[in-house]
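Student: Protein chains in written order, with my numbering: chain Z, 1 to 271; chain C, 1 to 271; chain Y, 1 to 322; chain E, 1 to 334; chain D, 1 to 288.
Just so you know, the hints here were simulated from the structure itself, not pulled from any lab data.
Source: prediction; values computed, not measured.
Hints are supplied without guarantee of correctness; some may be wrong.
Estimated spans, in silico, between C-beta atoms of each pair [unchecked claim]:
1) Z:Lys144 with C:Lys147: 29 to 37 Å
2) Y:Arg72 with C:Pro244: 53 to 61 Å
3) Z:Lys144 with C:Lys126: 16 to 24 Å
4) C:Thr202 with Y:Leu56: 56 to 64 Å
5) D:Val196 with C:Glu194: 31 to 39 Å
6) Y:Ser107 with D:Leu79: 37 to 45 Å
7) D:Leu79 with E:Leu286: 42 to 50 Å
Ideal placement from N, C-alpha and C gives every residue a C-beta, glycine not left out.
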Amino acid sequence: MTAQNNFTQGNSSSSSPPLVSVRDVTMIFRTQDTETIALQGANLDIQPGEFISLIGPSGCGKTTLLRILADLQTPTSGDISIKGMTPTKARESRAYGYVFQAPALMDWRSVLKNVMLPLEVMNFPKENRLEKAREMLRLVGLEKFEKNFPFQLSGGMQQRVSIARALAFDPPLLFMDEPFGALDEITRENLNMELLRLWRETGKTVIFVTHSISEAVFLSTRVVVMTARPGKIEGIVNVDLPQPRSVETREHPRFFEIATEIRELLRKGHA
Amino acid sequence: MTAQNNFTQGNSSSSSPPLVSVRDVTMIFRTQDTETIALQGANLDIQPGEFISLIGPSGCGKTTLLRILADLQTPTSGDISIKGMTPTKARESRAYGYVFQAPALMDWRSVLKNVMLPLEVMNFPKENRLEKAREMLRLVGLEKFEKNFPFQLSGGMQQRVSIARALAFDPPLLFMDEPFGALDEITRENLNMELLRLWRETGKTVIFVTHSISEAVFLSTRVVVMTARPGKIEGIVNVDLPQPRSVETREHPRFFEIATEIRELLRKGHA
Amino acid sequence: MASYSVMKENRPQASRAWISWTLVLLAHLVLFFISYTLNQQQGVSQKLLLQIVTVLSLFVGLTAVGLVAQNRRDFIPAALLFTVSVLFVEAMLRVNEVPAGLIPTPSRVVVALYNAREVLMLDVFYTFVLEALIGFVAGIVIGVLASMAVARYKFLELGILPYASIFSSIPIVALAPVMVKAIGLEWPSKAAVVAVTVIFPIIVNVVRGLQSASPLHLDLMRSYGASPMRVFFDVRVPTAMPYFFNALKISTTLSLISAIVAEFFGTTGNGLGFRIQIEAGRFNFDIVWAAIVVASVIGIVFFSLIGALERKVTGWHASYRS
Amino acid sequence: KDLVQVKLQLKWFPQAQFAGFFVAKEKGYFEAEGLDVQFLPIGDQSPIQTVVTGTADFGTTWITDLLTARQNGLPVVHIAQIFQKSGFTLVALKSSGINKPADFKGKRIGVWPSGNEYPAVALLKKYKMTSSLDSSVARPDVQAVTYPFDPSIVFPDKVDLVSAMTYNEVDQIVGLGYSMDKIRVFKASDYGINLLEDLMFSSERVLNNPNFKNSGMSGKEIAAKLVKASLKGWDYAVKNQKEAVSIVLPLCGNTCKGSGTRADARAHQTWQMAEVAKLYNAGPTLKGNAGLLDAKTYASNVKLLRDLGILKSAPPASAVDYSIWEMATGKKAK
Amino acid sequence: MNTLLQRTLPLLVVAVIIVLLYYPLMIWANSPVAQRSLETGADIGCKTVSECVYMLRNPVIPAPAQLGEGIKSLTIPPLAPTSAPYNALVTLGEAIVGLALASAVGLLLAILLVLSGSFERAVLPWLVASQTVPIIAIAPMLAVILGQYGVQGWFPKALIAAYIAFFPIVIGVSKGLKSPDPLQLDLMKTYNASRVQVFTLLRFPASVPFLFTALKVASTAAMVGSIVAEISTISFSGIGKMLAENSRASDTIALWVIMFYGALLGIVLVALINLLERMVAPWRATRS
Ligand SMILES: Nc1ncnc2c1ncn2[C@@H]1O[C@H](COP(=O)(O)OP(=O)(O)OP(=O)(O)O)[C@@H](O)[C@H]1O
Ligand SMILES: Nc1ncnc2c1ncn2[C@@H]1O[C@H](COP(=O)(O)OP(=O)(O)OP(=O)(O)O)[C@@H](O)[C@H]1O
Ligand SMILES: Cc1ncc(C[n+]2csc(CCO)c2C)c(N)n1
Ligand SMILES: [Mg+2]
Ligand SMILES: [Mg+2]
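This is chain Z alone, in the form it adopts within the complex (with noise of 0.2 Å):
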């Protein structure tokens, strides 16, 4: 296991304090006649710049910690701070954009509309929004189909349309859930490649849901490895690659020992 609060990265410097803090927390579902421990003592602390992947076993609680970072479930137990607001404070400022694992599309719009709503949720200036949202749909290659509505898009472009949704306000904090997963490896890496100038040339905070560990090692500065039932962080790894990413990184050494580490990890948490 790798240590916890030792890491170093591009972006971030270690001295400041954390931007989400994450304590004890666990997340107790009751159903019918059982309990599922969906979180069971979760600790986190993420630094302002990071790229933090969380990987796990399906229903290991991944989606779970992410909609309590968000403030879209309340925890059983444990204490939450993000930009040292509590998680209801940090939603109302609008801290963070956020990927469904579903795209959550609404029907009665239109693709270009759909980009559009947090800008008009949000209030944005009228005249930007046509162009911001038109920008998102050209960075996930979807410009052509802004006057579908959404029954009318594959699963991968309704996807694509909810992470251009996600990105149009330029959110600090992005929170992803397998933004990715229904993408072919092309699209996907170059999606990839496109989150990453961004979180360069913005300094967002990105935590992400992937399955795919290469995808976890080639983007993240660090990777939570998740264990399922009872959920809990088995380990965090640090992606000692250097910054910016590119092609090359892929071939990296560092890349397979990284890569293998997780692994290891995941296997262990599935036992």
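Since the structure of chain Z is provided, determine the placement of chains C, Y, E and D with the ligands on it from the hints.
Tutor: Here is chains C, Y, E and D with the ligands on its own, set in the frame of chain Z:
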């Protein structure tokens, strides 16, 4: 590009008539003011017992092709035959099971009841239904969640329920649209092995959509590579790896060659 | 391309279409002939035979219209259904010598419709425009505002919704006299009755609609720190639309009938309800039914307009994807 | 012995207006004739409709209804005339300064719809006034408004004159706090508008039935028995009003009160009985011919209705069947 | 227990507010009538407007004391044929039978509308038209048809109640039946599910929210329908019969009391539907 009608594989002979035959199939969607050519002049023959993967960029028509085969959509032009029948007849004879890209579970049914749905529809003997459904839930690792309702499951768990549902009635032909997209690597590998075992033991024919080249190579007898807009079959790659596949298959030198071939084709189509 | 394939599909059915059209025509002719030859004043001989022929013609006609309807997406089947039924009623009434003071024949109604057209148009102005329409709009506004409050505060849902059902349980026959006493004999008292009767369907539907928003959409808006107003307009209102339109559709006919019935309880002498009441007392049921026909036509047009609006506004809804 | 079931549709809810029938039943006069009479209360349907459709065998109604129905092809037949005089009035407050029909001009009059508006219309016409009930008149002299019978809905707030029967609504208006000295009652009959009211009728189907409900008797015989017993009841009721009221009271429950919460049911029905007796004890009754339709009055009623344009032509002779009354009383009608 | 309080508290609070608002509303509504009565010299046992508003014989809104008196006199004894509770039960029975009939017919029509586009095009306009025909016009026809066979009493009322109530059910349910997720319809198609199965397993469960809103609207419509039917056709009991009689007897306060009972019935019916919904569709309740 690989010769289309020259292939060898484990459990089907090339002299038998094709199980699935796709002839010059074109699908054009008219939307607001434009047309989307989702599929253009697709030709494909599938022998009984084959395991075919469809791979291609997001929005290239994979889902559309499956839906046409499954008689959920009528192509703009072209002919389809399945077991010598029209798709409608094939559907009516319950020739296939379909795992949709989205889980499409019914909110009002528990996990167990969702899996039992096809058994109810097809009038399986009452005694067997429960048993069969539980067996399938065990296969996908969700036996403990049978009483839960869909909204109480994680994304990956929902997807697994939908896989269990499709397998429950043991259809001879399986259409699977990115069934493992939302699963972690280990669960995915486990399910890959289970699927292969089922395929081998029951002689099913599988048509499988995936974005993972290695998954496609590992599972398939042939891989159909598609390109986007207009959606076309770019090439069909024969996977002449020995059967039965096992963990070692991934280490086989041919594995990488084939994977590379597919990657090339994909890149070519993407450009 | 598409039209070609449709044509191809239909070709084997061409002969069947021909047969059904012939049958439709035959039914019309027989029914018309029976009606034409029977004069209501003279006695009818061979009543039983004629009854059987009439019912048989209706049966043949309906079946044939059903066959015609299978291949058409236009108004023709509805029109044929209408003509067959009207001819059947005409023939049946004549065969059975039903007096006009009880049920008038359709032909008498048509004549009355023509003769009384000016009076009826003025009645329509009162009943539909002043009473039904104004009451409808007022009811919607009040109903929607109340629904918003109810959907917003759980307290109100528990506290007000049950009372809302009280409103709709007050029969018009009890409400109308109170309204006349309170507001007067002129049209506003009827508009008020209409508003009250329309409110409940609106509230029940709109509250349910507002509460049906997808949890995921609500989460999304929450993640934006969206104000309740934004959540309301961006998520809840669109999801409530199909429900809202259901309520509107029901309210179209409800408002019309409420206005008509409310006129039975005091009026200054205009309106379809007044006309129906006063002419029913004189046994002039041809004018009564002429007024009802006018009301029905308005009802259908009103309903269709709302239906068209629904399709326009909620075209995205699953119910419009075939 | 087996009684013949007969259904009699009353024109209104049970009250002293129908005292004679109730007395006939209570005293066993119907039974004595071999009849078991069931009274049907009124709904929105007119008695004409229930009788024509066979829901009831006999009914009571006003002559205007009977004749307009007949004109529209409904085969209804007059068999006996109970009230020989009209009880229809228009009531105004004395303080309103309406002292004579000519003063109606420019006023609002409340009329009952459904064919009950004719006496008011006839009165207006007699004084050469037009009303808003004629759709052909652009600027009517009188605005007529319709409302459902209860005078308190419109009077005195919304109309200047309100329709009232001597035996019912007049007392209801008194109940509203306007004693007889505060109101002016314009009786239609005082102004020559004597459109006859409560009468007994049946349908041609019943009367032409040779074997009424398998009783072995013809419809006409049954009708005659019914009329005979009814008239006997009426004679008794009119002579023993107190007893008649006692017979009526249990039949009408809450609605006997007639006028607001503080009204007394017995008082109201006593008033009603007295007023109804006045309508019964008029015309032919005074000559010992109770139940007879006076030919002259009938002719003048028909003329009035034709003048008003309500009847397009004289009703056929078959609209009135004097033979029933003759059978019932053993007298000659002419 | 706690939740029971949580549920009833708002109801009670609103009830108190209504009672508090009732007084001023009553005084405001009755004042002009009282004024006019006094001006026209009516003798109603009071001298001033503020005094008279409580004792009008034709109040726009009755004073609470009058209402209480009226409730008492029409309620005791509760099961006498002239008492409101007894007649309310009669009407409730008719309304429930009517609602059941309406549900059966409405459901059937909704299914046909969903199954066949041509049926919808041919029949929907007629259904709409049927709702614009006042009962006064239907009642004689019903009399022709039923009276000839001696059918009287509660059945024609239930029929008319059904006639009014089926429409909201048709509209609501047909929309509901059309609203399942298209993907789920596809799923059923891949199973080659029969039409019946598509309905029982998918369309009906998916239409539940629409169904129950429709039922609520229909239940009050059925109530009104049976009351109107009682007024329009020959009736020996029922709220409608009481309404008709008392309105013709000018008993304004009795009318209010009867309306009160009618409203009570409405609440009972809607509550029954709510209960039914909780029993039939528990999955809606479980999700917070
Ligand atoms: N609303 C709920 N009610 C009950 N149990 C829930 C609920 N939401 C989540 N769970 C349970 O909590 C556990 C964690 O779920 P979560 O969605 O966080 O998993 P995940 O890590 O995101 O998985 P995946 O990769 O499959 O999306 C699961 O076992 C799930 O069944
Ligand atoms: N109902 C529809 N109306 C209009 N266009 C459609 C419709 N369904 C699919 N399309 C278009 O057809 C194309 C192919 O879609 P399809 O769903 O087959 O893609 P796919 O290969 O499955 O992609 P993915 O991997 O993202 O799921 C897309 O461009 C999509 O926008
Ligand atoms: C007690 C009483 N008797 C007669 C009338 C007048 N009237 C007799 S029958 C009828 C209408 C029936 O359709 C009306 C208005 C009345 N109002 N109250
Ligand atoms: Mg998840
Ligand atoms: Mg797809």
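Student: None of the hints should be skipped; say for each whether it holds.
Tutor: Hints and how they fare:
1. Z:Lys144 and C:Lys147 have their C-beta atoms about 46 Å apart, which leaves the hinted 29 to 37 Å range violated.
2. With their beta carbons about 57 Å apart, Y:Arg72 and C:Pro244 fall inside the hinted range of 53 to 61 Å.
3. The given range of 16 to 24 Å is broken by Z:Lys144 and C:Lys126, whose C-beta atoms sit roughly 52 Å from each other.
4. A beta carbon spacing of about 58 Å between C:Thr202 and Y:Leu56 agrees with the range 56 to 64 Å that was offered as a hint.
5. The beta-carbon spacing between D:Val196 and C:Glu194, approximately 34 Å, falls within the hinted interval of 31 to 39 Å.
6. Checked against the given bound of 37 to 45 Å, the beta carbons of Y:Ser107 and D:Leu79, roughly 52 Å apart, lie outside it.
7. In this structure the hint that D:Leu79 and E:Leu286 lie 42 to 50 Å apart at CB holds, the actual value being about 48 Å.
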